[in-house]
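Residue numbers (our numbering), protein chains in the order written: chain R, 1 to 615; chain S, 1 to 615; chain G, 1 to 352; chain Y, 1 to 352.
Just so you know, the hints here were simulated from the structure itself, not pulled from any lab data. Predicted, not measured: the structure shown is a model, and the values here were computed from it. Glycine residues also receive a C-beta, built at the ideal position from the N, C-alpha and C atoms. Be aware that one or more of the hints could be misleading.
List time: in silico DSS-like cross-link candidates among lysine-lysine, alpha-carbon distance up to 30 Å [as the list claims (entries may be wrong)]:
| id | chain 1 | residue 1 | chain 2 | residue 2 |
| --- | --- | --- | --- | --- |
| 1 | Y | Lys-162 | S | Lys-166 |
| 2 | G | Lys-162 | R | Lys-166 |
| 3 | S | Lys-165 | Y | Lys-162 |
| 4 | S | Lys-256 | G | Lys-60 |
| 5 | R | Lys-250 | G | Lys-148 |
| 6 | G | Lys-160 | Y | Lys-160 |
| 7 | Y | Lys-313 | R | Lys-256 |
| 8 | Y | Lys-60 | R | Lys-452 |
| 9 | G | Lys-148 | R | Lys-256 |
| 10 | G | Lys-162 | R | Lys-165 |
| 11 | R | Lys-165 | G | Lys-148 |
| 12 | S | Lys-250 | Y | Lys-162 |
| 13 | R | Lys-166 | G | Lys-148 |
| 14 | S | Lys-440 | G | Lys-148 |
| 15 | S | Lys-256 | Y | Lys-60 |
| 16 | G | Lys-160 | R | Lys-166 |
| 17 | S | Lys-165 | Y | Lys-194 |
| 18 | R | Lys-250 | G | Lys-160 |
To give an idea of the interface, some chain R residues facing chain G are shown, with a C-beta separation under 10 Å as derived from the structure [stated by the list, open to error]:
| id | residue |
| --- | --- |
| 19 | Asn-45 |
| 20 | Gly-48 |
| 21 | Leu-49 |
| 22 | Ile-231 |
| 23 | Gln-263 |
| 24 | Glu-267 |
| 25 | Leu-295 |
| 26 | Ser-321 |
| 27 | Thr-408 |
| 28 | Gln-411 |
| 29 | Glu-592 |
| 30 | Gln-593 |
| 31 | His-596 |
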Amino acid sequence: MKVNDFAFRIATVNGTGSASANGLLMQAIFRMGIPVSGKNVFPSNIQGLPTWYEIRVNHHGYTARTPEFDLVVAMNSSTYDRDVADLEPGGWLIYDSTWPMPKALDRPDITTLGIPLAGMCNEAFEGSRERILMKNIAYVGALAALINIDLGIIEQLLEEQFGSKKRALLDSNYRALRIGYDYARSSFDCPLPIRLEKMAPPDDWILIDGNTAAALGCVYAGATVGAWYPITPSTSLMDAFRGFCERFRKDPDTGKNRFIVVQAEDELSAAGIVIGASWAGARSFTPTSGPGISLMSEFIGLAYYAEVPAVFFNVQRTGPSTGMPTRTQQGDLLLCAFASHGDTKHPLLFPADPHEAFHFAVDAFDIAERFQTPVFVLSDLDIGMNDWMVRRFQWDDARQPDRGKVLTGEQLDEIAVFHRYLDVDGDHIAARTLPGVHPKGAYFNRGSGHNKWGAYTEDSDEYIEVVDRLKRKIQSVADAVPAPVVRTNDGATIGIISIGGCDGAVIEAIDWLANRGIPTDYMRVRGFPFPDSVRDFIAAHAIVYVVEQNRDAQLRTLLALETGVAVNSLRSVCRYGGLPMSRKAVVDGILEQLEHPAAGALLADNHGARMEVPV
Amino acid sequence: MKVNDFAFRIATVNGTGSASANGLLMQAIFRMGIPVSGKNVFPSNIQGLPTWYEIRVNHHGYTARTPEFDLVVAMNSSTYDRDVADLEPGGWLIYDSTWPMPKALDRPDITTLGIPLAGMCNEAFEGSRERILMKNIAYVGALAALINIDLGIIEQLLEEQFGSKKRALLDSNYRALRIGYDYARSSFDCPLPIRLEKMAPPDDWILIDGNTAAALGCVYAGATVGAWYPITPSTSLMDAFRGFCERFRKDPDTGKNRFIVVQAEDELSAAGIVIGASWAGARSFTPTSGPGISLMSEFIGLAYYAEVPAVFFNVQRTGPSTGMPTRTQQGDLLLCAFASHGDTKHPLLFPADPHEAFHFAVDAFDIAERFQTPVFVLSDLDIGMNDWMVRRFQWDDARQPDRGKVLTGEQLDEIAVFHRYLDVDGDHIAARTLPGVHPKGAYFNRGSGHNKWGAYTEDSDEYIEVVDRLKRKIQSVADAVPAPVVRTNDGATIGIISIGGCDGAVIEAIDWLANRGIPTDYMRVRGFPFPDSVRDFIAAHAIVYVVEQNRDAQLRTLLALETGVAVNSLRSVCRYGGLPMSRKAVVDGILEQLEHPAAGALLADNHGARMEVPV
Amino acid sequence: MTTSIVKPRVRHPGLPVNAIGLTRRDYEGSMSTLCAGCGHDSITGAIIRAFFELDIPPHKVAKLSGIGCSSKTPTYFLREAHGFNAVHGRMPSIGTGASAARRDLVYIGVSGDGDSLSIGLGQFCHVIRRNVQMLYILENNGVYGLTKGQFSASADIGSKPKRGAPNRQAPIDPVLLALTLGATFIARSFSGDKEQLVPIIKAGLRHRGFAFIDVISPCVTFNDHEGSTKSYSFTRNHMREVVHADFVQPQTEISVSYAPGDSTAVTMHDGSTVTLHKIDNDYDPTDRDAAYAYIRARQNADEVTTGLLYLGKGAPEMHDTENTVDTPLAELPFDQLCPGSIALGQLMDRYR
Amino acid sequence: MTTSIVKPRVRHPGLPVNAIGLTRRDYEGSMSTLCAGCGHDSITGAIIRAFFELDIPPHKVAKLSGIGCSSKTPTYFLREAHGFNAVHGRMPSIGTGASAARRDLVYIGVSGDGDSLSIGLGQFCHVIRRNVQMLYILENNGVYGLTKGQFSASADIGSKPKRGAPNRQAPIDPVLLALTLGATFIARSFSGDKEQLVPIIKAGLRHRGFAFIDVISPCVTFNDHEGSTKSYSFTRNHMREVVHADFVQPQTEISVSYAPGDSTAVTMHDGSTVTLHKIDNDYDPTDRDAAYAYIRARQNADEVTTGLLYLGKGAPEMHDTENTVDTPLAELPFDQLCPGSIALGQLMDRYR
Ligand SMILES: Cc1ncc(C[n+]2csc(CCOP(=O)(O)OP(=O)(O)O)c2C)c(N)n1
Ligand SMILES: Cc1ncc(C[n+]2csc(CCOP(=O)(O)OP(=O)(O)O)c2C)c(N)n1
Ligand code: SF4
Ligand code: SF4
Ligand SMILES: [Mg+2]
Ligand SMILES: [Mg+2]
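Here chain R stands alone, though its shape is the one from the complex (with noise of 0.2 Å):
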C-alpha cells in the first residue's frame, strides 16, 4: 500500500476547460496537509492539443517530478499509447468508459477502471460547453472516490471559488463532483491502495508559482516601471504584478496609479523603457524569455558599459530558436552570462522556487542599483508557471531599499564638480545623478567611448582605465549575490552542484544514493559570479558533478571559467527534454559515471515515483 508517496497523471485536450480541475485537485491534496507538487505540460496551442497534468504527493516532502506513474486519468484518446506505456507496473488506468475500451488501453499489468464520464454528464447537463466543463470536475470526483481525498474540502474550494455569485454554476460543480464520486465508490472498492491521508495542516505553507511570486517582489522592491512584451512562459509574470499594483498601488485619495505597465511593441523596446526609466530614477523590470534576451543584447552592453541599473527576469523555455516555448530548460545561462557584443559580464541570480523567486527579485534591484548594472533573474518554466508548495513569504518592514550612490540636489550642492565615472570611494563604483535634480548633476549619458570625467574619448588610456573598472566592479558583485546552500552528508567524497529547479530533485537523488550507502554533498549555486566558496567546495572533493537542464552544460561551463578548474575535471549531468528534473534523471546520471561496485545493481533499482526513506 502506498499512502501519500505516489504519482498520477491526468491526460486531456487543451482548452477544455481540465486546468481548473486539476488545480482544484491539486490545492484540495494541499489542504489536506500532503506535501504535494504538480506539472503542467501543455501544448504551444490554445485548443485541442494534448495536455497533461503530473501530481505527485509524498509525505517526506519529495515532490520534484517523477516520470513514472502509479494512476493515469486518459481523457484523451490520441495520446492513450503513451499514456498507458507511462504507468508503472501494477498501477491503475482509468478511463471514458461511455464508449468500450480501446485495444490500446489494455495492459496485463495494470487494473483499467472504466468511468462513463461522458456518458454520465451528458446526461446531467445541457449544453456543450458545460457538459464538456462538468466532464473533468467528475474526474475529481472519482479521483476523490479513489485516492481517498477529502470530498469537504474540494467542496469548500469550489465554494471557495464560486462563491454566492455564481450559485448556479457552483451547484453544477457539487452535482458533477457527486456523480463522480458516487460512480466510484459504488463501482470499485474505494479507495485504492494508493490514497492519500490528512497530515498535520501546513499553517506556514502556502501553494504558489513563480511568476506570481516574482511579480510580488517587484512590488515589495519598489519597482514602478514594469515594460514587457508577452511572451510564454513569462507572461503571466507582468499580469501578476498589474494585478498586485491595482491591488496596492492606487493613490487612496485619487484612485490612481503609483506604477505603471507599458506593453511595449517588441522586446527591443522593453530594454530601452526600462533603461530609461531607471536611468531617470525609477525601479524598473522586464519579464521574458530566451528569444527576448537575444533581441536586447544590443541594449544590455548599453546598460553595461554606460552602467545604467536593469533588471530581467528570463523564464526560461526549451531550447534555441522559437523552440518548445510551453517547455522548461535552463539554457540561457551564458546567454545572460554574457550578453552583448564587446567585453561584458553579468550578474545573475538563480531561485530554485517561488519563495526564492519572491526574494531574488527583491534582491535583483538592490544589486542592479547599487552596483549600476544589468542584472538577470534566471527563472524557468516549471518555476514560473507551475503551482510549488513553498514556506510563506516574509518582509522585514526595516528593509530599505538599496538604491546605490545617487547624488542628491544637497550634496551636489557641496562638490565642486560632479564626473560621472570617477571611482572616488575605490571601490570601482562612481556616483551617478539622476536628471532634473541640479544642474551640477548634467552629464551625458552614452554607449560611445567616455573616460572617467564622463567626456566622450577616442583615447586608448582613458578608454582602458573605464573598463578595467568595469571588469573589477562585476567580479565584486561575487559577494553580493545569494551564497551558495550547501547540504553535506558525512564521509562524501563526491560533490554534487546544481542550480535553480533541479534543487528537489537533486536533493531527492542524495537522499536516495545515501540511504545505499554513496554519501554526497551538495551545493547550489543562487548567484553569478561566483563567490570563493565554490571553488572551495570543488577543490574539497575528488570528484564533482554538475546537474543542469541543457545540452552543453553551461552551468559547468561557468564553473570552470570563474574557478579555474579543468572543465573536464567536472562530471556533467545534463538534462534537456524540456521536462523538469527528476531524481530518476539525477541519480542515473550520477551512477552511469560513478566507478563504484554497486553502482551497476543501483542503476536498475532506481525507478518509480515512491520514496521510501528508512526510518
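Model the placement of chains S, G and Y with the ligands on the given structure of chain R, informed by the hints.
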C-alpha cells in the same frame, strides 16, 4: 643610421584630404620594394577632429604597428603635445613654420624641422579648398626629400590617379610636391639618417585592405545576394563587393546584374535576408560589426536550429555598446561562438590579414553550406580598413563550390519520401532541398521544435535526437576550418597561441625574444571549433601564453573550454585600447609574467620601432 | 507527439481537377490545430481555393510566415510548397531574401497584427517600400492570439477586452499605412466573406510587385465578444464593400460586365484581368489619395471599408530597381559567377 | 583625446538674460564637431534660442538621441541638462521609459532620418501611437551622414547621390506617417529658416503629448550637391510655407494680429498661445485629413510643404492613458510603494 627600418607618424585634421596624401606615401614606399605598413587612426567623425597615419618600414618585413616613432609630421596643433611625446629620443619633428614654433613642440632631445607649408601653398594656389589639399601633397614632397622617397614613383602614382582627364589637378599636385621637396632639400641636409633605399621589386606582393579582399572572396565564392546595414568598420566591404560585381557580374548581353545588394533597414533585416536567400539556394552574406551581431542574435539561433547556411563577416571594432567605432579589437569571439539563446555553437574563421580574408571568405561559404549552419568570419578594423602588403591572391580554376547536400529534382524523383532532418549518411548532416525544385522536396522550415522527420514536435525524445545531432555536427566542423599555423624554435618550452591580426606583432616578438636567448613556439589558430592539434600544442608546452586583443581573454576562454585545460593554466596577454597589437606589447606581456633571470633587463630594453636581426 | 497531423492523401475520382490536373485536396496542408471557428481557418480555405483556381503548381510556391496563430496557417495549405516559419515579426526580410535568390517562385506571406504591426512594423513598412514581389496577407484580429489575448496595435479605441479597461491608444491601420508608403495593391477583406476574399487573393497573386491584403479575422477565443470591434458581429455590421473585384484568367472570356462607369477592367502583367466593380460610385480604386480620404471618412463614421481598395500602376519591384538578370540568381551556373584565375591575376596587378 | 571640447563659461555682463536670469550662453553645450555648414548645427542654434526664450531651467530638461551626426547634437546644447545617447534607432523607447519615471521633465529627442526611418521606424511609429510627452525633432538630410552618405529611407525618387545611380525607392515621409498614426502636433521646417523653426520648436515644447518636427537639414558633405532633393538650394526653391506659427508666452499680450480668417490662435495646456497664420488660405492646420490631402497634392507638384502642419485636440498622453499619479513615479517614497509585512501576511493567506 636607419635604412629601411623606422616608423613615422603624420598628425592631421580629418576631412582635409590628408588620407589620400598618406596613401600616396604608403604606395610609393611599397613600389620602392620596401616592406611597409600603414595604420590609419581616425576619429568617429566626418570633419575637423584629429587623425593620425602611421607608417612603418622594415627591410626584414616586420611591419606590425609600433607605438614609438622616429619622425613625426605634426600638422594638427590640437595634438602637438602627444605627437611630440611619442617621438623617440633623437627623432625628427616636422611642423608648419608658417607660424612661429609653439612652446609645446620644443623638446631638447629631438630635431625640429619647420617648413612653411601653409604659407607656401597659400602663395602657390588659389581658393581655400585647393590650398588645404595641396598642403598635404607638399608634406609628401618634403618627406620625399627627407627620407629619400623616389620622386619619380610619386609622380608616376599621381599620373595614374589623375591621368590625362584631370590634367589641371595633376599639375597642382606636381607643383605642391615640388614645393615641399625643394624647400626641404634647400633647407636641410637631405636625406636624414633615417632613410629609404630601393629594394628588389616585390612582383608577387600587393597592397590591399581586408574588406576589399573579403569582398573579392565573396565574388569568387559565387555569392549572389549581399544584404547589409552600414556600420563602421564593415561598410567598405559591401562597397567593394558592389564594385567588383559591376565589373565581373554583368550579363554581357543584357547588361543586367548577376548579383543583388540589398541595403536593409537594419541588421535584423539584413540577417533575415541572408537566411531567406540561403534557404532559397543562393550564396548570401552580410558584413557587419559587433552591434550588428547583437541585433542578429535571434536570427542566428534560427539559422543554427533550422540548419540554414549563412555567412556573417564581423569586422570587429572596440568595446561593448557603441564603444570606439573607429578603433580595432577582437572582442566578439565569445558572442559569435555562442550567439543566441539556448544551446548553440557556431564555426568561426580568423583571418590574420587581407590575404586570408580573401581565402577564408571563400571557405566560409563552403563550410556554411556543407554544414548547413551560420559561419562567422572574424576580421577587425585593422585588417579590414588598413592597407596591408600581402602576397597576391591565387585562384585554382578547378575549384568548385561545396554546396553541401542539396537534393536535385532527379534525386527527389528517385527517393520515396524526403525527410529534412534525417541523418541518412551518419555524418550528422541531413540533406536539404530548395524551393521550386520538386513537390517531394517540400518541408516546413521552422525554429520551433521539430523531429528528424522535419515535423513539428513537443516530444522530449524527438527534440533531443535532433539537437544531439546538431552538437555532433558542429563539433565535426573542427576538421573543416583552416588548420592552425605553427612556427617552432629549437629548444622552446614556451608556447604562444594567438589569433588574427596579432600575427605580425607575435612573430616579431618571437624573433626578438629568440635573438635574446628566449626561444618560443607559436601557434596561430585560424578556425573554431579547434582541431585536436590545438590541445596537443598546449600539452606540449610547460608554459603557454595566449595573446589577443580584448579585455577578458576570450580566446583563452574558448581554448580552455574546447581543450579541457584549466583556464588559469594559460597565461594571458591582452591589449584592448583599440590600436593594433605591437611587438612591444607582446614582449612586455610575456616578460612581465616570465620567471627568467634576464626578464627584467630585457623588459627595459624593449622599446623603439627598430627591429635588428643579427645576421 | 507530432502535432501537425498529416492528412491521408487519397485521390477522389469524383473531385474536380484544375488545368494542371490537381484537385482542391492537392492544395491543402496538414490539419489545422487552431481553435474551432477561428477566422484564420476560413482564410486558409480561401487561399486554397485561390491557388487551385489559378492552376498554380504547389511546388512553385513559397509560403512564409512569422510567429502567431495566424503564422501557423501556412502548414495548413499547399502541402507540396516549401514553407518558412520565421522568427516573430521578421517574415518580410525572409521573403526579401528568398525573392532575391529565386524570383521565379510565387511568394505568399501570412502574418498577424502583432507580428506585422508591433514587433514587425519596421520590416512590414520596408518590404512595402522595397516593393518585393509577394502577396502579403495580414490576418487581423486585434489581439495576440497565441499569447492569450493581449491587445495588439490594431485594436481600435474603445474596443473592450474580455477583462480590464477598453483600449485607449489609436490603432495602426495597415491599409492607410500601405497607402502612405506607396504600395500598389491594397485590399481589405473579412474572413467571413469568401466571395469577396477569394478573387482578391487571386488578383494579389497575379499583381506585379508587393500586394497587401488586410483581412479582419476574428479570434473566437479572445476577441469575439460583445464590445470588441474585431468580432464577427461587429465586422459584419460595420463593414462596407466599396469595390468588388472579379478575377478572370488570361484565356477566359471576360464574362461579367457591368453598366459602364460602374466598373473598370485592369489587366495584370500575366494577361489576366481584374474587374473592379464599384459598389459606391464615388470611390475610385485607382486614385491613392482619394482612396485614403474615403477610407478615413468612413472610419470616422465607424465603418470598415473593404474590397480591393487601391490598384496602382506597377511601380518597379525590387528586381527592376536592382536590374537583376531574369534567371533566378540561385540558378546561375558557377562559371557565370566566378571570374576565374586570369581575371584575378589582372585584378591583382591593380593593387601594386 | 577628449573630443567634446568644453567651452569656457564666462558670464558676459552685456548679454541679455531671460526671465530666470540666464543668458543664451547658458543654453549652449560643448563645441560642435560636425562639418562646417551642416544643417544640424543651425537646428541646434534654433533649439538653444527656443529654450532660452521659453525661460526653461536647463536641468529640468532631458535630452535624448540615437546614433548619427544628428544624434550627436544634444551635446551641443543645454550643457546643464542630462543627456542620453541611446543605441541606434532606439531613442523613442529610452524616452518612453524616462518619461514613465519622471513625467515632470521637459523631453526633447533629436534623431536622424536613418535613425528614425530605417532601424528605428518601429519605435518611431509606436512612440507616436503611445503619445509620449516629448518634442521629437528629426534632422532629415536623406542620407546616413555618419556612415558616409548612403541613401536613407527619406531619399526621394530620382534624387542623385554623389556617385552612382539615383534613388528609385519611394521615400518614407515622416509627416504623412505621423498624420496617419494620429500624432497631434506635426510640423515640417528647414534648418535654413530659423524664423520659421524657432516658434515651432517653442510650440512643440509646450504641446501636451507627442510633438513632431521634421526638419530638412542638408548634409553639406554627402548630400548637398546638384541633383539632390535634400540640398540647400533644392529645399529653398521647393519649400512652401503654408502656415506660419507665432508663439506667445502665457503672461504676454498677444501682440501679433492678422486679418480674421487668415489666422487662428490656439491655447496650449500651459496657457501659452500659438497663432497659426495661414499663408495659403485653403490650408486648415486643424483638419488632419485635409492636411494629408494638401501635402500629398503639393508633393505631386514637387513642393515641400512646411510650417506647423497639424495641431490637433490633445489626445491622452501616455500617463493619461495609464492613469498614473501626478508625482513622478521616481519620486514616490518607498512607504507608498512597499505594502509591508502585514499586507504580505494577509496576502499569503490567500495562497493556502
Ligand atoms: C521574439 C518573440 N517575442 C514574443 C513572442 C511570443 N509571441 C508569439 S506569437 C505572439 C503574438 C502573435 O500575435 P499575432 O501576430 O496577432 O498573431 P495571432 O496569434 O493573433 O494570430 C507573441 C507575442 C515570440 N514568439 N517571439
Ligand atoms: C546597430 C547599429 N548599426 C549601424 C550603426 C552605424 N550607424 C551609425 S549612424 C548611422 C546612420 C545615421 O544616419 P542618420 O540617422 O540619418 O543620421 P545623420 O548622420 O544623417 O545625421 C549608422 C548606420 C550603428 N551605430 N549601430
Ligand atoms: S486563439 Fe484566437 S487566433 Fe488563436 S487559434 Fe484560437 S481563435 Fe484563432
Ligand atoms: S557628414 Fe553630413 S550630416 Fe554629418 S556632420 Fe557632416 S554635414 Fe552634417
Ligand atoms: Mg492577432
Ligand atoms: Mg541622415
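Hint check:
For the given pair, Lys-162 of chain Y sits about 18 Å from Lys-166 of chain S by alpha-carbon distance, which is consistent with the 30 Å threshold. A hinted pair counts as satisfied when its Cα atoms are at most 30 Å apart, and Lys-162 of chain G with Lys-166 of chain R qualifies at roughly 18 Å. Of the pairs offered as hints, the one joining Lys-165 of chain S and Lys-162 of chain Y holds, with about 19 Å between alpha carbons and a cut-off of 30 Å not exceeded. Restraint check: the Cα-Cα separation between Lys-256 of chain S and Lys-60 of chain G comes to about 24 Å, which is no more than 30 Å; the hinted pair holds.
Simply put, Lys-250 of chain R and Lys-148 of chain G have alpha-carbon atoms about 26 Å apart, close enough for the 30 Å limit, and the pair holds. Restraint check: the Cα-Cα separation between Lys-160 of chain G and Lys-160 of chain Y comes to about 50 Å, which exceeds 30 Å; the hinted pair is violated. About 23 Å separates the Cα atoms of Lys-313 of chain Y and Lys-256 of chain R, which keeps this hinted pair within 30 Å; it holds. Only pairs whose Cα atoms come within 30 Å are accepted, and Lys-60 of chain Y paired with Lys-452 of chain R is accepted, the gap being roughly 25 Å.
Distance hint between Lys-148 of chain G and Lys-256 of chain R is fulfilled; the C-alpha atoms sit about 27 Å from each other, no more than 30 Å. Under the criterion of a C-alpha separation no larger than 30 Å, the hint pairing Lys-162 of chain G with Lys-165 of chain R is consistent with the structure, at around 19 Å. Using a Cα cut-off of 30 Å, the hinted pair Lys-165 of chain R and Lys-148 of chain G holds, with the two alpha carbons roughly 26 Å apart. Taking the CA atoms of Lys-250 of chain S and Lys-162 of chain Y, the gap is near 22 Å; set against the 30 Å cutoff, the hint holds.
Pair hint Lys-166 of chain R plus Lys-148 of chain G holds up; C-alpha atoms about 24 Å apart against a cutoff of 30 Å. Restraint check for Lys-440 of chain S and Lys-148 of chain G: the C-alpha separation of about 36 Å exceeds 30 Å, so the hint is violated. Taking the CA atoms of Lys-256 of chain S and Lys-60 of chain Y, the gap is near 58 Å; set against the 30 Å cutoff, the hint is violated. Between Lys-160 of chain G and Lys-166 of chain R the CA atoms are separated by roughly 23 Å; this keeps the pair inside 30 Å, and the hint holds.
Proximity of Lys-165 of chain S to Lys-194 of chain Y is assessed by CA-CA distance (about 43 Å); at most 30 Å being required, the pair is judged violated. Proposed proximity of Lys-250 of chain R and Lys-160 of chain G is supported: the alpha carbons are some 22 Å apart, at most 30 Å. Interface hint at Asn-45 of chain R: satisfied, since its Cβ lies 5 Å from the closest Cβ of chain G, which is below the 10 Å cut-off. Here the hint on Gly-48 of chain R is kept, as its CB sits about 6 Å from the closest CB of chain G, short of 10 Å.
Checking Leu-49 of chain R against chain G: minimum C-beta separation of about 5 Å stays under 10 Å; hint holds. For Ile-231 of chain R, the interface hint holds, the least distance from its beta-carbon to any beta-carbon of chain G being 7 Å, beneath 10 Å. At its closest, the beta carbon of Gln-263 of chain R sits 6 Å from a beta carbon of chain G; the interface hint therefore holds under the 10 Å criterion. Satisfaction of the interface hint for Glu-267 of chain R is found here, the shortest Cβ-Cβ separation to chain G being roughly 8 Å, below the 10 Å cut-off.
Because the beta carbon of Leu-295 of chain R sits about 9 Å from the nearest beta carbon in chain G, less than 10 Å, this interface hint is met. Using the Cβ-Cβ criterion of 10 Å, the hint placing Ser-321 of chain R at the interface with chain G is satisfied: the shortest such distance is roughly 7 Å. Taking 10 Å as the C-beta cut-off, the interface hint given for Thr-408 of chain R is violated, the closest approach to chain G being about 37 Å. Residue-level restraint check for Gln-411 of chain R is violated (minimum Cβ-Cβ distance to chain G is 40 Å; threshold 10 Å).
Given hint, Glu-592 of chain R at the interface with chain G, is violated; its Cβ is 28 Å from that chain's nearest Cβ, farther than 10 Å. At about 32 Å, the closest approach between the beta carbon of Gln-593 of chain R and any beta carbon in chain G exceeds 10 Å, and the interface hint on this residue is violated. The interface hint given for His-596 of chain R is violated, since its Cβ lies 38 Å from the closest Cβ of chain G, which is over the 10 Å cut-off.
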